[in-house]
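Using the hints, build the complex out of the two chains.
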Amino acid sequence: VKRSLSFGVLVLLATAVASAGIQDSHHDFRGSSPGWSEVEMCRPCHTPHKAIMTVPDSPLWNHFVTQATFNLYQTTSLNAIPGQPAGRSRLCLSCHDGTVAVDAYQGDGAGGNTYYMTNPRALVGTDLRKHHPISFTYDAALAAADGELADPTTTASGLGNTIAKDLLFMNQLECPTCHDPHVSRNTQGCMGCHFSCGTIYCPTLSLRKSNAGSAFCLTCHKK
Amino acid sequence: LRKGGLLAAMIALLGAGIGYAGIRNSKHDFSSSGGGGIWASSTVDQVCIFCHTPHRAVANDPPLWNRNNPTQSFTLYGSPTLNATPAQPTASSRACLSCHDGSIAIDAFVVGRLGPTNMMALGDVYYPGSPYGQGGPNIGENYSGNPNVNNLANDHPISFVYDQTLAAADGELRDPLNLPLPLFNTRLECATCHEVHATTTFPKMLRVSNQGSALCLTCHLK
Numbered sequence: 001v002k003r004s005l006s007f008g009v010l011v012l013l014a015t016a017v018a019s020a021g022i023q024d025s026h027h028d029f030r031g032s033s034p035g036w037s038e039v040e041m042c043r044p045c046h047t048p049h050k051a052i053m054t055v056p057d058s059p060l061w062n063h064f065v066t067q068a069t070f071n072l073y074q075t076t077s078l079n080a081i082p083g084q085p086a087g088r089s090r091l092c093l094s095c096h097d098g099t100v101a102v103d104a105y106q107g108d109g110a111g112g113n114t115y116y117m118t119n120p121r122a123l124v125g126t127d128l129r130k131h132h133p134i135s136f137t138y139d140a141a142l143a144a145a146d147g148e149l150a151d152p153t154t155t156a157s158g159l160g161n162t163i164a165k166d167l168l169f170m171n172q173l174e175c176p177t178c179h180d181p182h183v184s185r186n187t188q189g190c191m192g193c194h195f196s197c198g199t200i201y202c203p204t205l206s207l208r209k210s211n212a213g214s215a216f217c218l219t220c221h222k223k
Numbered sequence: 224l225r226k227g228g229l230l231a232a233m234i235a236l237l238g239a240g241i242g243y244a245g246i247r248n249s250k251h252d253f254s255s256s257g258g259g260g261i262w263a264s265s266t267v268d269q270v271c272i273f274c275h276t277p278h279r280a281v282a283n284d285p286p287l288w289n290r291n292n293p294t295q296s297f298t299l300y301g302s303p304t305l306n307a308t309p310a311q312p313t314a315s316s317r318a319c320l321s322c323h324d325g326s327i328a329i330d331a332f333v334v335g336r337l338g339p340t341n342m343m344a345l346g347d348v349y350y351p352g353s354p355y356g357q358g359g360p361n362i363g364e365n366y367s368g369n370p371n372v373n374n375l376a377n378d379h380p381i382s383f384v385y386d387q388t389l390a391a392a393d394g395e396l397r398d399p400l401n402l403p404l405p406l407f408n409t410r411l412e413c414a415t416c417h418e419v420h421a422t423t424t425f426p427k428m429l430r431v432s433n434q435g436s437a438l439c440l441t442c443h444l445k
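Going line by line, the protein sequences match chains A and B.
Start counting the first sequence at 1; every next residue gets the next number (this note's numbering).
Start counting the second sequence at 224; every next residue gets the next number (this note's numbering).
Errors might be hidden in some of the hints.
Simulated restraints, written as ranges between beta carbons of each label pair [unchecked claim]:
1. Pro181(A) to Asp398(B): 49 to 57 Å
2. Thr424(B) to Asn113(A): 51 to 59 Å
3. Gly260(B) to Asn79(A): 28 to 36 Å
4. Thr298(B) to Asp57(A): 28 to 36 Å
5. Pro339(B) to Ser210(A): 22 to 30 Å
6. Phe425(B) to Leu207(A): 32 to 40 Å
Distance condition first, Cα-Cα at most 27 Å in a straight line; then the derived DSS-like pairs of lysine-lysine [claimed, not checked]:
7. Lys445(B) to Lys427(B)
8. Lys250(B) to Lys427(B)
9. Lys209(A) to Lys222(A)
10. Lys250(B) to Lys222(A)
11. Lys209(A) to Lys165(A)
12. Lys209(A) to Lys130(A)
13. Lys222(A) to Lys427(B)
14. Lys250(B) to Lys209(A)
15. Lys222(A) to Lys165(A)
Part of the chain B face toward chain A, derived, beta carbon under 7 Å [to be verified]:
16. Gly245
17. Ile246
18. Asn248
19. Ser256
20. Gly260
21. Thr266
22. Asp268
23. Gln269
24. Cys271
25. Pro277
26. Ala280
27. Asn283
28. Leu337
29. Gly338
30. His420
Everything labelled a hint here was simulated from the structure, so no lab data went into it.
Glycine residues also receive a C-beta, built at the ideal position from the N, C-alpha and C atoms.
With the rest of the complex left out, here is chain B (with noise of 0.2 Å):
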């Protein structure tokens, strides 16, 4: 019996660690003792620092920002059936493209550094044709080999406003009021989907399952 009761006492931390969701360990820890699921620093043993700095921040959105963003204009989603009016990524998607364009290396923060990056651009360890190829994280598949491409036309759309008057003209989304999603300053953004601490278990870091395509259809209505 008290074999037992361990047992389950065991399986049941177990369960906890397992069911433990948190940007530790994630894909996005970065730190030399995260596990290095996409990549782990060789000197830095710090998870936030990649992204916030608690002092002499760049900017603040997202809070306490430590990247420079990339200032480029991306060439943008465009479809005849699309209503609503695509725009050039804002702080809040752009800070997500200082990693996922492809053109600025992970380790690139601001405040804290010592040195000069060491780390490869992200574009350069994923290039399309690698084993991550066009699904891979680089979305906007620029890399060494291939610059200056910025391309965002093959992607969901972001950073267009979406709101009720959007909503009504194409007939086909719901109605925003009450989205169970956020939006940001009334706009879609990459972080309305992902949740970027990984504080949930869902795959891709979405915010909610997409089983059975119910992300997709929380806005589609198909």
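One chain only, chain A, in its complex shape (with noise of 0.2 Å):
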């Protein structure tokens, strides 16, 4: 009867598996626990209708926008110029820089402003000295002036055309060029990332392709 039981539940969760995408993922605020976005998976971040329009390049946009001023990314041996976040990364960093809610958004029944992101893997804050710098142009003479840099305009990204028309947003590097917020390759819900996690290293499925082999980050770095 136990195993019956386990089958039971293996089934429950296989059922889960046809769920793909943002359903059962991190960004996938319905539910129980905390259940922010009540039955709605898109209102935290998007709206049908008077959708916030302050930030370029945001598609229907209804979370509050973070208004801080960030510290950037800068060494001795950077060509990019990394501005403050703008376009997509600033719509990621309006939950992840920790100084907005993650429910704080247009038409909140829950009445918003309560869940502030703490989780350290999640949290990127607004120092972003210590992380990849995005919001610079990534062109053609930026990866000539490199010279370790792919020309984004003529190498494939691997997703089906160049790694500008894949992989950029008006040009510029942002956050959802590595990660797609609606982990699209996730095809297995939560299991999906738990259940490939070694017991060293955890890959993450937000990644837009696969980086084994560090191959995401080999499809720039010309390294």
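The following block contains the structure:
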């Protein structure tokens, strides 16, 4: 009986496997705990009407936008010129910088402004000096100046087209260059990530393509 | 003709494969899929993470650094004819020594680890007397049976300022202005001679060929 019970659990899990993408990912705030977005999945970030238009390239945005000023990445060997996070990256940082609550969005029935991001694995903060640079123009000129970066206009991304077409946003490298907020590579719900962890390292399905063998890093970095 | 063309294309492809240089499948590729030239992790199929992380880096010299560097003092090179002023290794060379001093395990990277390090320290694997012996990569000569040695006295000096004053004082050193090798904050570091990502095909990850001792003679006017 015990066995059949665990089999039943497995079947339930397998049913969950059918769900994909953002469903049951860390970006799915529905459900019982804590259920910030009640029954809607998209609303913490998007709205069909009266969207927030303060950030360029922010499709039907619904989450309150961070007003923080960020410390920017800089090293002596850097050719790129990172700017203050703009476009898509500012949207990500509107939760991940920790200054705006995760549930601070238009039309939040739960009252909002309650759940701040604290998990150090997810919290980026406002000091971007220890993170890969973002919000810089990544073009053929930068690749030529650096000498160890692939030309984004001619180099295949591995996703069907060039780096520039598949991975850049208005010619800029942004958080979603590497990370897919909708986790479309996730085909197994929670277990898609949590079953794939090794004892040492846990790969994330939020990456737009597999980083096995550091293949994603080496898409741009000629090392 | 068709077969010949195909063969030529295959040879060209093979040639491209052989000529390709980069960290992947090099001695510095410790990923589980990297061929294990020195050592391959059994669990981590990543190349960059052993040294770099995209987030929450420990430091930015080298960029997005993901290792805790050794903090101890090293015994430095010295000789009566030395004009340079040897200094304790800077961050640039300490990054190399975070494996090559023999006291820190290769897989002791910081961000991205779920468990404790399980790789033996480099010194345990390549201790003096092993097939790799003194010529091996254990520059600091520490290993578990021989800790706290921290010996750089028998290695080419590093982390000293290499400027025109030094060249003039020594008389047998090239003027470092327009040196075809990189200095780091005017200092000679490990990376002056070695290219850590194996983007060259020269032995010992040298930046330029040392055939005819060309690399040595780049600086030494002998």
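How does the Cβ-Cβ distance of Thr424(B) and Asn113(A) compare with 51 to 59 Å: does it lie in that range? Holds, at about 58 Å.
Within 27 Å, alpha carbon to alpha carbon, are Lys209(A) and Lys222(A)? The given pair, whose Cα atoms are some 18 Å apart, holds under the 27 Å limit.
Between the alpha carbons of Lys209(A) and Lys165(A), is the straight-line distance 27 Å or under? Holds, because 15 Å separates the two Cα atoms, which is no more than 27 Å.
Tell me if the interface restraint on Ser256(B) is satisfied: Cβ within less than 7 Å of some Cβ in chain A. Hint holds; Ser256(B) Cβ to chain A Cβ min 5 Å, cut 7 Å.
Hinted contact Pro277(B) with chain A - closest CB pair below 7 Å: 4 Å, holds
Between the beta carbons of Thr298(B) and Asp57(A), is the distance compatible with 28 to 36 Å? 56 Å, violated
Can the hint on Asp268(B) be confirmed by a CB-to-CB distance to chain A that is less than 7 Å? The hint holds - Asp268(B) has a Cβ within 7 Å of chain A, the shortest such distance being about 5 Å.
Evaluation of the interface hint that places Ile246(B) against chain A, nearest CB under 7 Å: 5 Å, holds
Holds or violated: is there a CB of chain A closer than 7 Å to the CB of Thr266(B)? Hint on Thr266(B): holds, closest Cβ of chain A at ~4 Å, below 7 Å.
Let's test the interface hint: is any C-beta of chain A closer than 7 Å to that of His420(B)? 4 Å, holds
Restraint check for Lys209(A) with Lys130(A), where alpha carbons must lie at most 27 Å apart: 23 Å, holds
Classify the hint on Gly245(B) as holds or violated, based on whether any CB of chain A lies nearer than 7 Å to its CB. 6 Å, holds
Hints 4, 18 and 20 from the list above are not met by this structure, while the remaining hints are.
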